[in-house]
Amino acid sequence: MRRLLVGLVAVLLLAGALWYGQAPPRSASAYQTRAAQTALYLRSQSRTAGMWVRALQDGQATSPATQVALEEAESDAVTTASRFAGWDPPPGTDDLRRELTGASTELTDDLAALRIAIHAGDRPGLSSAAGRLPPLEGRLTTLIITLDPGQR
Amino acid sequence: MNPKKLFAFTLGTLSAIGGFIDIGDLVADALVGARFGLRLAWVTVLAVIGIACYAEMSARIAIRTRRPAFAVVRSRMGPRYALVALVGAFGVTGLLVMAELSGVALALQLATSVHYLLWVPVVAAVLLVLFWALNFETMERIYGLLGLTMLVYVVAVWYLAPDWSRLWSSATTPAPVSGESWGTYLFFLVTLIGAQMTPYEMFFFSSGAIENRWHRKDLTEMRVNVLVGFPLGGLLAIAIQAVAFLVFFDAGIQVEHISQTVLPVVVALGKLGLVIALVGIFAATFGATIETLFSTGYQLSQYFGWSYGKVQPPVRAARFTTTIAALLLLSVVLALTTLSPITITIYAVVFSASLLPLAFLPVLLVGNDRTVMGDLTNGRLSNAIGTLTLLLSVGIAVSALPLLVITKAGTG
Numbered sequence: 001m002r003r004l005l006v007g008l009v010a011v012l013l014l015a016g017a018l019w020y021g022q023a024p025p026r027s028a029s030a031y032q033t034r035a036a037q038t039a040l041y042l043r044s045q046s047r048t049a050g051m052w053v054r055a056l057q058d059g060q061a062t063s064p065a066t067q068v069a070l071e072e073a074e075s076d077a078v079t080t081a082s083r084f085a086g087w088d089p090p091p092g093t094d095d096l097r098r099e100l101t102g103a104s105t106e107l108t109d110d111l112a113a114l115r116i117a118i119h120a121g122d123r124p125g126l127s128s129a130a131g132r133l134p135p136l137e138g139r140l141t142t143l144i145i146t147l148d149p150g151q152r
Numbered sequence: 001m002n003p004k005k006l007f008a009f010t011l012g013t014l015s016a017i018g019g020f021i022d023i024g025d026l027v028a029d030a031l032v033g034a035r036f037g038l039r040l041a042w043v044t045v046l047a048v049i050g051i052a053c054y055a056e057m058s059a060r061i062a063i064r065t066r067r068p069a070f071a072v073v074r075s076r077m078g079p080r081y082a083l084v085a086l087v088g089a090f091g092v093t094g095l096l097v098m099a100e101l102s103g104v105a106l107a108l109q110l111a112t113s114v115h116y117l118l119w120v121p122v123v124a125a126v127l128l129v130l131f132w133a134l135n136f137e138t139m140e141r142i143y144g145l146l147g148l149t150m151l152v153y154v155v156a157v158w159y160l161a162p163d164w165s166r167l168w169s170s171a172t173t174p175a176p177v178s179g180e181s182w183g184t185y186l187f188f189l190v191t192l193i194g195a196q197m198t199p200y201e202m203f204f205f206s207s208g209a210i211e212n213r214w215h216r217k218d219l220t221e222m223r224v225n226v227l228v229g230f231p232l233g234g235l236l237a238i239a240i241q242a243v244a245f246l247v248f249f250d251a252g253i254q255v256e257h258i259s260q261t262v263l264p265v266v267v268a269l270g271k272l273g274l275v276i277a278l279v280g281i282f283a284a285t286f287g288a289t290i291e292t293l294f295s296t297g298y299q300l301s302q303y304f305g306w307s308y309g310k311v312q313p314p315v316r317a318a319r320f321t322t323t324i325a326a327l328l329l330l331s332v333v334l335a336l337t338t339l340s341p342i343t344i345t346i347y348a349v350v351f352s353a354s355l356l357p358l359a360f361l362p363v364l365l366v367g368n369d370r371t372v373m374g375d376l377t378n379g380r381l382s383n384a385i386g387t388l389t390l391l392l393s394v395g396i397a398v399s400a401l402p403l404l405v406i407t408k409a410g411t412g
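In order, the protein sequences belong to chains P and W. In this text, residue positions in the first sequence follow our numbering: the first is 1, and each later residue adds one. In this text, residue positions in the second sequence follow our numbering: the first is 1, and each later residue adds one.
Just chain P, with the same shape it has in the complex (with noise of 0.2 Å):
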């Protein structure tokens, strides 16, 4: 008897950090939580597909590796911003909703456009789309400082 009550308690324990740790938010705040953290997931991968391309163009990376790099890159961006879009906003936030999908859509079609010209051994293209990733993280940071103001 006491080991089945032991079991079910470890049971009810790990069903309990699972839901914790896979729950949508529910209220506003926690929502503008996770919209912060999105976003500073996104610059990240932003400013790291960025971080390569430079090192790439300035000869101080090998093509292999900036190819890898950049697939990885978008590959997160499209996890992270699906991941959000997927949550339903509550009532209050659908700007905010609005605001990140679209920074989003953008961020994941630029980091398509890297990966495409680097297959493609395209280096203008390369360079163009490299070009649009800064004024995307611009946005992002003023989202994120917006939300969280403790945030770098």
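Do not rely on the hints blindly, as some may be mistaken.
[Stated by the list, open to error] Cross-link-like lysine to any residue pairs, in silico, SDA-like; alpha carbons within 20 Å at most:
| id | chain 1 | residue 1 | chain 2 | residue 2 |
| --- | --- | --- | --- | --- |
| 1 | W | 408 | W | 344 |
| 2 | W | 271 | W | 408 |
| 3 | W | 408 | P | 11 |
| 4 | W | 408 | P | 21 |
| 5 | W | 408 | P | 13 |
| 6 | W | 217 | W | 372 |
| 7 | W | 408 | P | 83 |
| 8 | W | 408 | P | 29 |
| 9 | W | 271 | P | 63 |
| 10 | W | 217 | W | 42 |
| 11 | W | 271 | W | 373 |
| 12 | W | 271 | W | 155 |
| 13 | W | 408 | P | 58 |
| 14 | W | 408 | W | 398 |
| 15 | W | 408 | P | 30 |
| 16 | W | 271 | P | 58 |
| 17 | W | 408 | P | 20 |
| 18 | W | 408 | P | 15 |
[Unchecked claim] If we take Cβ atoms under 10 Å as the criterion, some of the chain P residues that face chain W in the derived model are:
| id | residue |
| --- | --- |
| 19 | 21 |
| 20 | 43 |
| 21 | 61 |
[What the hints assert, rightly or not] Covered by chain W, per the in silico footprint, the following chain P stretches (three or more residues, Cβ under 8 Å):
| id | region |
| --- | --- |
| 22 | 47-57 |
| 23 | 62-68 |
Rather than coming from a laboratory, the hints here were simulated on the basis of the structure. For glycine and all other residues, C-beta sits at the position ideal for the given N, C-alpha and C.
Using the hints, position chain W against chain P.
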């Protein structure tokens, strides 16, 4: 000291430095450096002191008793305790084998752009061939010496021309940065401890003492390996944190891939740095794959009393060889499920942290047992450091899983 002995000495120490870093260290150090700067570097210092103490203790046990530490623990604490430790270590080390194997494949992917999943079975096949063909010492030396190329991270710190006062200020501020919570700070403290104080290192070192046929006359060599090799390995770990801090922190970049761990070296040293870093990561993870495989094989064999090790041909240690081959195959299958190696690494090191007291306590008890150890019983320094490390590990073990849940594995 004759030149041949000095050569073996130097080789052993260099191998210890090069063999310190594995995928857990690489990922944890880069993650921590990017988010917290050097504010957790003090944890690396503590972890190196702790694991060096226990590695020396377990090798001394092996030298004195002519049996590896795990086998002595089994005799001392009983088979039930040893079984619990075995199951826990087996689970964690099994995950680490998959992560290390994937780490080798990821390094090859960065070098060739061929997807890492295609490299996983190739690397596994090469590992099996090397395991069959090479003796223990040769394998250890090869990956240990190649792993020295990880020193490129130390060079990269210099080339990035850091503001040293800023680095020092960060290293001497044991608190989260603005925008991070104490919860995530403590979670990454646990992650670093789990990555840098892995029980498999301790048991591998002690089984290695048997494989290398170390006797009392080799005590000095063993101690130099530990007392020089481990701290210099720790310096490497801090260098990885430092370069991640210098390149990623102000940009707000979070480390999620192996490719990001080499980016600071690319920024500092260009293509040559990239190539050297990739060789280093390849060697470090290749060596760690061998160590984790062997460590699991050793523990299982030592628990059941099977023949084991490379001191005899593989066919004469059939169950040990089969265990290693089976674990390698399982790791290949796990890797091919496309589970993220980075995520697996984080979870594996956190679980490893929660099992530390199980591994440390019996080694400390055996090390203090005069009837077993004779004149090689722990001295006051070993006992002081060992006890403090054990107490730290208990705190870490209690908090590891709650922090994993509360901080959602450090994401928020």
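Using Cβ atoms only, decide whether residue 21/P comes closer than 10 Å to chain W, and label the hint accordingly.
Check passed: Cβ of residue 21/P comes within 5 Å of chain W, closer than 10 Å.
For residue 217/W and residue 372/W, compute the direct alpha-carbon distance and say whether it is at most 20 Å.
Cα-Cα ~19 Å, so holds.
What's the verdict on residue 271/W and residue 373/W, does the C-alpha distance respect the 20 Å limit or exceed it?
At roughly 52 Å apart (the allowed maximum being 20 Å), residue 373/W and residue 271/W break the hint.
Is the hinted pair residue 408/W and residue 58/P satisfied, with a Cα-Cα distance of at most 20 Å?
violated, 38 Å
Chain W over the region 47-57 of chain P, status - at least 3 residues with CB closer than 8 Å
Our answer is that it holds, as 5 residues pass the Cβ test (under 8 Å) against chain W, meeting three.
Mind checking the alpha carbons of residue 408/W and residue 20/P for me, to see if they're no more than 20 Å apart?
Since the Cα atoms of residue 408/W and residue 20/P sit roughly 8 Å apart, the hinted pair holds (cutoff 20 Å).
Hint consistency between residue 408/W and residue 15/P [alpha-carbon to alpha-carbon, up to 20 Å]
Measuring from Cα to Cα gives roughly 14 Å; hence the hint holds.
Would you mind confirming whether the straight-line C-alpha gap from residue 408/W to residue 29/P stays at or under 20 Å?
Since the Cα atoms of residue 408/W and residue 29/P sit roughly 18 Å apart, the hinted pair holds (cutoff 20 Å).
Given pair status - residue 63/P, residue 271/W, alpha carbons within 20 Å
Within the cut-off at roughly 10 Å; holds.
Within a Cα-Cα threshold of 20 Å, do residue 408/W and residue 11/P meet the stated pairing?
holds, 18 Å
CA of residue 408/W to CA of residue 21/P, is that 20 Å or under?
holds, 6 Å
Are residue 271/W and residue 408/W close enough, with their CA atoms no more than 20 Å apart?
violated, 36 Å
In this structure, the earlier hints numbered 2, 10, 11, 13 are contradicted, and the remaining ones agree with it.
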